[in-house]
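Visitor: Okay, here's what each chain looks like letter by letter:
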Amino acid sequence: MSKNKYLLLISSLGVLLLLVAAAVQENFLREWRRVQAGGRNEEGAIAVQLRQVVNPGLKTSDRCVSCHVTMAPGESTVTGSKLLTAHKPVVHDPSEWGCTVCHAGQGQATDRADAHGDVHFWPDPMIEPRFSQAGCGTCHAPLGVPEEERLARARNTFARLDCYACHKVDGRGGMTRPDGGGMEGPDLSRAGINDYDHDWYAKHLQQHQQATTGPWRNSFAAVNDLDRALLADYLATTMAAPKLIEAKAVFNSTGCLGCHKVSGVGGDEGMDLTREGEKDPGQINFAHLAGGHTVENWMAEHFRSPVSVVVGSQMPSLGLSDREVDLLTMYMRSLRRKDLPASFTPKDRVRATRFGEREFAGDGATLFGTFCTGCHGGNGVGRRSPGMPSFPAIASPDLLGRVSDDFLTENITKGRPGRRMPAWGELTGGLKPEEIRKIVVYLREIGAAYQPDGKPVRWIKADPEQGKKLFASICSGCHGSQGQGIEGPALNNKVLLATATDSYFVQTIGQGRRGTAMLGFLEPHPSRPTLSQAEIESIVAFLRTWERGKK
Amino acid sequence: MSVATEEKKEQRGSALREFWQNLKSTPKSFLDTAFRGGAPRTDRTRSTFVFGNVFFHLHSVRTHRWSLRWTTTWGLGIATFAAFLITLITGVLLMFYYKPSPDVAYQSIKDIHFVVPTGRFMRNIHRWAGNVMVITVILHMARAFYTAAYRKPRQFNWLMGMALLVVTLGLSFTGYLLPWDQLAYWAITIGANIAASPQEITNALGITQHFDPGGMQRLILLGSDTVGPEALIRFYLLHVMILPLVLALIVAVHFWRVRKDGGLARPADADRRLGPAKDTYPIFTEQPKKTYQLAAIVRGRTPAVGNGPEGTVPSMPHLFYAELAVLMLTMLICVALALIADAPLKELANPGVPENPAKAPWYFLGLQELVSFSAFMGGIGIPAIVLLGLGLIPYLDREAAGTGEWFGGPGGKKLAWRSLWFGLGAVLIIESFVIRFGWLREWFPHIPQLVITAINPGTLLTLAYGAYSVWCVKKYNSTRAGAMALFTCFLCGFLVLTVIGTYFRGPNWVFYWSPADWPGH
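For the protein sequence lines, the chains are A and B, in the order given. For reference, each letter of the first sequence is one residue, going 1 to 551 in our numbering. For reference, each letter of the second sequence is one residue, going 552 to 1072 in our numbering.
Keep in mind that the hints were calculated from the coordinates and are not lab data. C-beta atoms are modelled at their ideal positions from N, C-alpha and C, and glycine is treated no differently. Hints may be right or wrong, so weigh each one.
[Stated by the list, open to error] One side only, chain B facing chain A, incomplete, derived with CB under 7 Å:
#1 A693
#2 Y697
#3 F871
#4 A873
#5 M879
#6 L880
#7 E898
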């Protein structure tokens, strides 16, 4: 019977021991206790206690400051280990706004791995520090961002015109210089979201004319219209997040909206990206991913080669540089949405969601970069991606020289039914007529002008039967037996047939289109038969039969 | 006048003295009043200690030495009760911080986990004690079965035990939803769908619109069509109020019947087997104060009649040491597990993103495996057959041989082994066949559902087990042998199906050798 007594003794001692272990773990071994133990302020050691930033409006209670104490309310003087350093100065003071609203992660957690979100089942891990500015996208919608090249030009213009002499932007400029030039003008880091005086130029000019010496005289000079437009573009984008703007400019040069929607604008081919930055790592398939299992790495690898990360992906391989991959990843991470109370919703977001203001600049180059380059390539050179029909080179002079602006406008507006080209004028979240017009103008800028041959729209009177035979033997290999398109474009397309002139077909068949697989059939070629002008006309007559046959 | 004053003074003085004396002796008299009958030093006061105490008086004052052998019970019943007490205490502590509303439930668990002092520890203990309780209650039932302890006069207590098993599973299941994370949400969705499984029959008959018992059960369980705020408050109330009260009530009856049915079952010749007690206490050193007239109205044989008191020892302290030791051991196990592994908490429940695979709590995964063959049979049919079979055992087996002995009765240990091999073999063969070749639906896509409901791996397995048991009844010429065969097969089936459901079923309930092979991970 006494063995029960010993069992009782041993198990009681065991329980006692474990309770002591639990107490030690709870009271001495927690990471934040060790971090805080090293903390000092002007009055000496700081109290070791759980700390948090609570913001009821944002629904955050962030205990991150239990380790990052210096960012807690009223603790800005605490120093100690590397963790106990102050946040770099930002508009949104972390001691008021908390941490997770910008950086993501798990605010309620008090352990490092849990808090940073590098754990199973936490759907919103911290944004990688090098992409921190992506956090701005949680609330802000950067508006009016141009494509990459224009943004670079706009930024250079600001520097070239020496605006930095007086104005500070993102910590640069706005200093009185030893040579007497420069002064402290308004900080323009957030001019894009806080708005600025749009009459600035007239006022600057007046000051310049009145001044006889000093910065107003020496550092300012008249600015031409083009530069002023570039400056306006630049100022519209300033929101103290230059890297994010740069990232968005790359996005606006890569043509992603051609297939994807963001905030209701864009094509329907691909996934809606509006909340892509909140992608839950638990729902991501990491099976085919080399490298770390992080959201950022998945996105980066996916940009490098979509089909090797997502089996069966219909996204073309875009041939991006490492810099572009990084910036696009950052922009993707910025596509986040938090349900904000009205008082916290910034003006730019209101302008975008309530008033339908575009999140990209309105010039033709940006529109083309935002919507078209994904498929048609930068400068409209076309794109070939393994396993997909090639995307036409629309800036080819062989196309632009043979088609009118109406043809281009109509084809963009109505798209190519059955193919991946959507009807941009009819699509929900598509382009406005004004925007389509700008794209056509831009195409003419990078391509060639229309050179009409003076013939009427429909002038061919040939025998379609002969054309049918020729089409079956020569054309159907690329364009399909019914003209439905295989490797080459679909020719039975109603929009194409309705808008293209007979001359367009004859010239394209006869002379080909440079930059594509379509070679001219009038010239002899070792690998394919040569066609006579009459034969070409009969083929065109055959193409026209589809117009009547299939409605 | 002066004499009177003098007397008064003296009286005053004596009262003060008395007051002082009383104050000094208060601790002793407090103990005397707390423990009626004084310190338990003699057998008599030990007896008073037991029957004079509200908590102890459910125990007999003397306990048979057979009951105190570790191998008799392995302490499983007390361990189950200990686990219940642990969940009760930690559960009440958790209630201080837990908020049963979908908007804040998850956040409050996060707070308990990360901020509330000892919150994580308490939640871990609660979770582990809950699981320990499910395991020990099953093992306790197995112990009672294999020692044939369900026989007369304990038939009814076997039924009480089954009720406790069901309530324990109910407690664990209702607690599963409370964290309101993905795991909880989808496990309860699966559980509720199992409750709606009669719809398989009513759908096949086309009468669901008019008569829908499955949908009714589901609606009663969830209070709504889907798992939502109504379900959460329902589960919360069941978990913290209704089921604990029901459990406490049945436990009281269960304990009471253990005592009244003559303590733990033991072989008729237990005294002879134990031999003479080594340190025999002088028995009844004093004339007992109590008369035993009360014994006359107790039905049946009183435990002491016909058995020499030398086979028994005072419950205080021998039984209480044993019980306390089991309690502390259970506590040790729960606390140790709590320090080793945190209770799971996945992401916030999201009705729009189903878990794949969505799995019920582990003890229902055997059922879920059966449900994957046929919802009705897995969810209602086979569990009903099993419960009915278990409940009938004490009323069908009226033999006497082997009571109180492990694997007692005809066949003995050898039959238990044979049944184990048969039980494992049958379930493994049927499962392997289904996993390798599929079942009727894969071969004949248009086969009526009722055929599959009737003929599926689950019903075939039940049939095989049943046939084997009948065969055992015949071979050993004993109902007990048949019961032993059936119960062993039931345990094997439960174990294998649960393991397959837990470890080898992946997305869309497809078989995988390891979660590493799951697509998308």
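Visitor: Please go over all the hints and tell whether each is borne out by the structure.
Guide: Hints, one by one, checked against the model:
Residue-level restraint check for B:A693 is violated (minimum Cβ-Cβ distance to chain A is 22 Å; threshold 7 Å). The criterion of a C-beta within 7 Å of any C-beta in chain A is not met by B:Y697, whose closest approach is roughly 23 Å, and the hint is violated. Hint on B:F871 is violated. Least Cβ distance to chain A is approximately 9 Å, over the 7 Å limit. A cut of 7 Å between beta carbons decides the hint on B:A873: the least distance to chain A is about 4 Å, and the hint holds.
A distance limit of 7 Å between C-beta atoms decides the matter here; for B:M879 the minimum to chain A is near 4 Å, and the interface restraint holds. Taken as an interface hint, B:L880 checks out: its beta carbon lies about 4 Å from the nearest beta carbon of chain A, inside 7 Å. Annotation: B:E898 was flagged as interfacial toward chain A, and the flag holds, the nearest CB pair being 5 Å apart, inside 7 Å.
Against the hints set out earlier in the document, violations occur for numbers 1, 2 and 3.
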